[in-house]
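Engineer: Below, each chain spelled out in residue letters.
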Amino acid sequence: MKRREFIALPAKSLGGLLVYTLAGIPIRLMAQEGTVRLPLRFFKATEATAIAAACERIFPSDESGPGAKEAGVIIYIDRQLAGPFGRDRYRYTKAPFVESVPEHGYQGKANPQEIYRDGLRQLGEDFADLDAAKQDERLRAIESTAFFRMLSTHTIEGMFSDPMHGGNAGRIGWQLIGYPGPLMSYRDEIDKNYGQPWRRKPLSLEQVIGRPVKGWEDERD
Amino acid sequence: MERLKPVDMVIVGGGWTGLLMATEITTRTSLSVVVLERGGAARAPAEYAAQMDELDYNIRLRLMQNIADETITHRHSNGERAVPVRQYGSFHPGTGVGGAGEHWGGVSNRFLPELFILDTYLRRKYGFAKLPENLAVQDWGVTYEELEPYYWRAEQMMGVGGKAGNLGGKLIEGGNTLEGPRSHEYPNPPHRMSYLMSLFQKASLDLGYHPYPIPTATLSQAYTNPDGITRPACLCCGYCSRYGCMIGAKAQPSTTLMPLLANKKNFTLRTGSWVRRVMHRDRKAEGVSYIDSSGKEILQPAEVVVLSSWTLNNARLLLLSGIGDPYDPTAGKGSLGKNLTHQVSHGVHLFFDKPLNNFMGAGGLGLGIGDFEGDPGPDVAPGVMAGGAIRVTSGGEGPISSFGRVPPGETKSKWGSEWKKVALNWYDRAGEIMAEAAHLAYRQNCMDLDPTYTDKFGDPLLRLTLDWTEHEKRQAAFITKIEVSLGKAMGAKIGGIARGVRDHYDVTYYQSTHVQGGVIMGASPERSVVNPWLQHWRVPNLWVTGGSAFPQNGSGNPTLTILAATYRAADAFVGRYVKKPGALA
Numbered sequence: 002m003k004r005r006e007f008i009a010l011p012a013k014s015l016g017g018l019l020v021y022t023l024a025g026i027p028i029r030l031m032a033q034e035g036t037v038r039l040p041l042r043f044f045k046a047t048e049a050t051a052i053a054a055a056c057e058r059i060f061p062s063d064e065s066g067p068g069a070k071e072a073g074v075i076i077y078i079d080r081q082l083a084g085p086f087g088r089d090r091y092r093y094t095k096a097p098f099v100e101s102v103p104e105h106g107y108q109g110k111a112n113p114q115e116i117y118r119d120g121l122r123q124l125g126e127d128f129a130d131l132d133a134a135k136q137d138e139r140l141r142a143i144e145s146t147a148f149f150r151m152l153s154t155h156t157i158e159g160m161f162s163d164p165m166h167g168g169n170a171g172r173i174g175w176q177l178i179g180y181p182g183p184l185m186s187y188r189d190e191i192d193k194n195y196g197q198p199w200r201r202k203p204l205s206l207e208q209v210i211g212r213p214v215k216g217w218e219d220e221r222d
Numbered sequence: 018m019e020r021l022k023p024v025d026m027v028i029v030g031g032g033w034t035g036l037l038m039a040t041e042i043t044t045r046t047s048l049s050v051v052v053l054e055r056g057g058a059a060r061a062p063a064e065y066a067a068q069m070d071e072l073d074y075n076i077r078l079r080l081m082q083n084i085a086d087e088t089i090t091h092r093h094s095n096g097e098r099a100v101p102v103r104q105y106g107s108f109h110p111g112t113g114v115g116g117a118g119e120h121w122g123g124v125s126n127r128f129l130p131e132l133f134i135l136d137t138y139l140r141r142k143y144g145f146a147k148l149p150e151n152l153a154v155q156d157w158g159v160t161y162e163e164l165e166p167y168y169w170r171a172e173q174m175m176g177v178g179g180k181a182g183n184l185g186g187k188l189i190e191g192g193n194t195l196e197g198p199r200s201h202e203y204p205n206p207p208h209r210m211s212y213l214m215s216l217f218q219k220a221s222l223d224l225g226y227h228p229y230p231i232p233t234a235t236l237s238q239a240y241t242n243p244d245g246i247t248r249p250a251c252l253c254c255g256y257c258s259r260y261g262c263m264i265g266a267k268a269q270p271s272t273t274l275m276p277l278l279a280n281k282k283n284f285t286l287r288t289g290s291w292v293r294r295v296m297h298r299d300r301k302a303e304g305v306s307y308i309d310s311s312g313k314e315i316l317q318p319a320e321v322v323v324l325s326s327w328t329l330n331n332a333r334l335l336l337l338s339g340i341g342d343p344y345d346p347t348a349g350k351g352s353l354g355k356n357l358t359h360q361v362s363h364g365v366h367l368f369f370d371k372p373l374n375n376f377m378g379a380g381g382l383g384l385g386i387g388d389f390e391g392d393p394g395p396d397v398a399p400g401v402m403a404g405g406a407i408r409v410t411s412g413g414e415g416p417i418s419s420f421g422r423v424p425p426g427e428t429k430s431k432w433g434s435e436w437k438k439v440a441l442n443w444y445d446r447a448g449e450i451m452a453e454a455a456h457l458a459y460r461q462n463c464m465d466l467d468p469t470y471t472d473k474f475g476d477p478l479l480r481l482t483l484d485w486t487e488h489e490k491r492q493a494a495f496i497t498k499i500e501v502s503l504g505k506a507m508g509a510k511i512g513g514i515a516r517g518v519r520d521h522y523d524v525t526y527y528q529s530t531h532v533q534g535g536v537i538m539g540a541s542p543e544r545s546v547v548n549p550w551l552q553h554w555r556v557p558n559l560w561v562t563g564g565s566a567f568p569q570n571g572s573g574n575p576t577l578t579i580l581a582a583t584y585r586a587a588d589a590f591v592g593r594y595v596k597k598p599g600a601l602a
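Protein chains in written order, with the working numbering: chain A, 2 to 222; chain B, 18 to 602.
It is worth saying that the hints were derived from the structure and are not from the lab.
This structure is a prediction, so every number in the text was calculated from the model and none was measured.
Check each hint, because a few of them may be wrong.
[To be verified] Here are the computed lysine to aspartate or glutamate pairs in the EDC-like style, where the Cα-Cα straight-line distance is at most 16 angstroms:
| hint | chain 1 | residue 1 | chain 2 | residue 2 |
| --- | --- | --- | --- | --- |
| 1 | A | K215 | B | E64 |
| 2 | B | K431 | A | E144 |
| 3 | A | K95 | B | D476 |
| 4 | B | K473 | A | D89 |
| 5 | B | K438 | A | D63 |
| 6 | B | K438 | A | E64 |
| 7 | B | K431 | A | D137 |
| 8 | A | K95 | B | D86 |
| 9 | B | K431 | A | E138 |
Using the sequences and the accompanying hints, generate a full structural model.
Structural biologist: Next up, the structure:
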């Protein structure tokens with residue numbers, strides 16, 4: 002049997018952190034200490050550490066607010082890759098695969114799982130151990146690759162998608178930007194607050210509708 | 018192949034037009050109607066509430082057809098090798114009961130009267146020599162005036178909210194005074210106005226334009242339609258286009274038509290039914306063959322066959338079934354597959370000082386100006402013969418898709434600390450001013466079957482040959498100029514082109530789902546596939562509904578026109594065909 006792989010993340014990325022933003026101003030509160038081990042679905046632990054480090058350079062935790070680390074973006078990516086998206090269940094994958102003009106988009110055969118495995122080779126085994134400047138240098142060198150485009154897109158998705166998908170832990174990404182979540186009704190707000198930020202403590206879809214919701218990656222296909 | 022009991026009518030596709038046809042026929046006649054839908058069953062609003070998730074629905078596009086099963090191929094010109102569209106980009110075909118009518122945005126404008134007689138209009142005004150090269154626009158065989166009563170029926174059915182600008186020739190300020198004459202005021206008033214809309218309203222008035230509320234099928238108030246269907250007012254939740262409505266406020270086939278059909282004894286709906294061929298002999302359709310959800314091959318004989326399977330699949334089914342003359346762009350012969358059009362969806366990014374609360378809204382919540390919708394005329398825009406509806410909408414923006422829009426020059430990188438800071442600063446202060454402009458038809462833009470790629474059953478994919486011409490580039494440049502002046506008058510910083518016409522047609526980014534043509538309607542059997550009642554010229558017991566019938570695409574959104582043409586077809590079927598089956602024209 003395959004050995005289960007885990008990643009250790011800061012405890013605050015499990016939803017305990019209360020960062021509440023009004024009008025785009027991030028307020029950092031003290032988080033819990035310690036780390037938590039989370040089971041991985043696709044990556045090996047070393048791979049997850051490298052990808053997490055790259056995500057952290059793309060959307061860093063810095064003076065402008067929390068980043069990929071606190072949001073648990075790596076968990077989001079791991080689950081997407083293990084699910085139907087990672088295996089290209091929703092892309093036309095019949096041969097022949099031929100190169101074409103840029104207006105035809107990605108025409109390759111490799112699925113997202115394979116693109117990530119290839120990207121990990123480009124990052125190098127030592128990526129997580131490098132200092133930030135060295136990491137940035139390596140990322141800049143692969144900026145135009147399909148892998149990097151996917152990684153940066155997925156980092157943003159992991160920051161701002163509903164927490165059911167594994168990222169945006171504790172709705173920290175939504176708090177950072179002042180997005181209130183799928184609140185159902187703005188009927189009484191739409192024609193008010195002209196030019197004024199309307200910000201509320203965000204709620205997840207599960208909190209709004211009062212029952213558990215599964216992402217596509219958690220459904221059997 | 019299992020052969021089922023014959024029925025009076027089989028309809029392929031359970032979207033807007035298939036279910037509208039089914040509703041009209043089963044309500045007004047005792048004919049037995051079977052609808053075959055290859056997707057799943059209708060979803061209830063409560064189910065849609067659990068789908069208010071940007072990632073799965075706006076980005077992974079869960080309501081759309083699974084492109085792994087079937088896609089289209091594309092090439093820019095005849096002679097090039099086409100490649101498959103491997104992931105969705107420029108348009109989003111729907112699936113399941115309701116089809117794209119579930120995930121549309123609800124914009125419900127009429128087309129301008131001149132669009133229906135565009136060939137006559139342009140030739141009369143400019144003369145043949147001054148028209149763009151290879152122009153292939155045609156008259157529809159139906160006029161705006163003939164369609165007007167059916168527009169009104171469609172508006173009532175959906176409860177469209179708006180403000181009339183031309184009531185029987187009387188111009189009314191605040192409405193679209195440049196639209197065709199209407200017989201009635203809209204069934205519902207316009208929506209409330211967002212901040213972005215208020216900026217656009219003031220700017221367009223300052224510049225001397227005529228702003229009007231975009232007519233929309235997301236209800237501005239609770240409404241009961243003439244069929245007795247009651248729906249609640251829209252809550253502006255922002256989960257609209259690409260989602261189903263969580264309360265039924267947006268007109269969708271599942272909430273406006275299915276309740277009428279559900280208890281009809283002469284109506285049968287079979288989901289999971291993938292139609293592959295129309296069976297026919299001696300200019301008579303005999304039924305359709307399909308694969309059911311268990312993989313079994315089934316023959317459904319029928320007296321009448323209706324194709325309502327969206328623009329591209331309508332054309333593909335006819336090509337696969339060998340019905341009609343495939344179009345040959347080199348010889349200019351044949352009619353099936355010609356006049357493929359999309360839309361000149363062209364806009365610019367705007368950046369504001371103050372936040373917009375852009376997560377609030379509804380698909381069709383917006384304001385437009387009608388000033389540049391039709392032919393702008395050579396004095397206003399030389400060489401541009403079709404304009405567009407220039408608009409802002411507060412459609413409800415999700416945080417993933419709206420994060421990262423920053424004015425040009427603010428940051429070099431698209432990642433890292435500096436970029437993050439800038440992106441956070443501009444979040445919720447970025448908007449778009451957009452035009453849904455007409456797309457003229459050209460001889461070279463067309464569809465046929467791909468010689469290489471196939472769907473999951475091994476049937477050839479549809480191949481689109483489509484590219485922009487100099488006319489679309491002139492349209493885009495002209496529209497950009499107007500949009501930039503409006504944007505500046507709104508007090509915004511101007512960003513780059515949003516969506517838009519670039520050098521070549523691009524399948525990688527969303528433009529609109531308004532893909533038209535291929536099975537076009539017209540007044541002559543030589544130049545069109547279906548007659549003005551959407552009946553096949555050569556096979557009178559075969560009818561083809563939807564945007565496939567458009568000889569060219571208009572300014573604005575097509576759904577209302579598609580529904581109006583379907584109501585008119587159903588009227589002709591019930592009033593004339595049932596009494597005397599045969600060719601109506």
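Engineer: What's the verdict on B:K473 and A:D89, does the C-alpha distance respect the 16 angstroms limit or exceed it?
Structural biologist: holds, 15 angstroms
Engineer: Given the hint that B:K431 pairs with A:E138, test it: the Cα-Cα distance must not exceed 16 angstroms.
Structural biologist: holds, 14 angstroms
Engineer: Would you check the hint for A:K95 and B:D476, treating anything up to 16 angstroms between C-alpha atoms as holding?
Structural biologist: Between A:K95 and B:D476 the Cα gap is close to 13 angstroms, so the pair holds against 16 angstroms.
Engineer: Can you confirm whether the C-alpha distance between B:K431 and A:D137 stays at or below 16 angstroms?
Structural biologist: holds, 12 angstroms
Engineer: Quickly compare the C-alpha distance for B:K438 and A:D63 to 16 angstroms and report which way the hint goes.
Structural biologist: Judged against 16 angstroms, a Cα distance of about 9 angstroms means the pair holds.
Engineer: Hinted pair, alpha-carbon criterion (16 angstroms max): A:K215, B:E64. Please report holds or violated.
Structural biologist: holds, 12 angstroms
Engineer: Given the hinted pair B:K431 and A:E144, is their alpha-carbon gap at most 16 angstroms?
Structural biologist: holds, 10 angstroms
Engineer: Next pair to validate is B:K438 with A:E64; report whether the Cα-Cα distance is within 16 angstroms.
Structural biologist: holds, 9 angstroms
Engineer: For a C-alpha distance cap of 16 angstroms, please report whether A:K95 and B:D86 respect it.
Structural biologist: holds, 10 angstroms
In terms of the numbered hints stated before, the structure departs from none.
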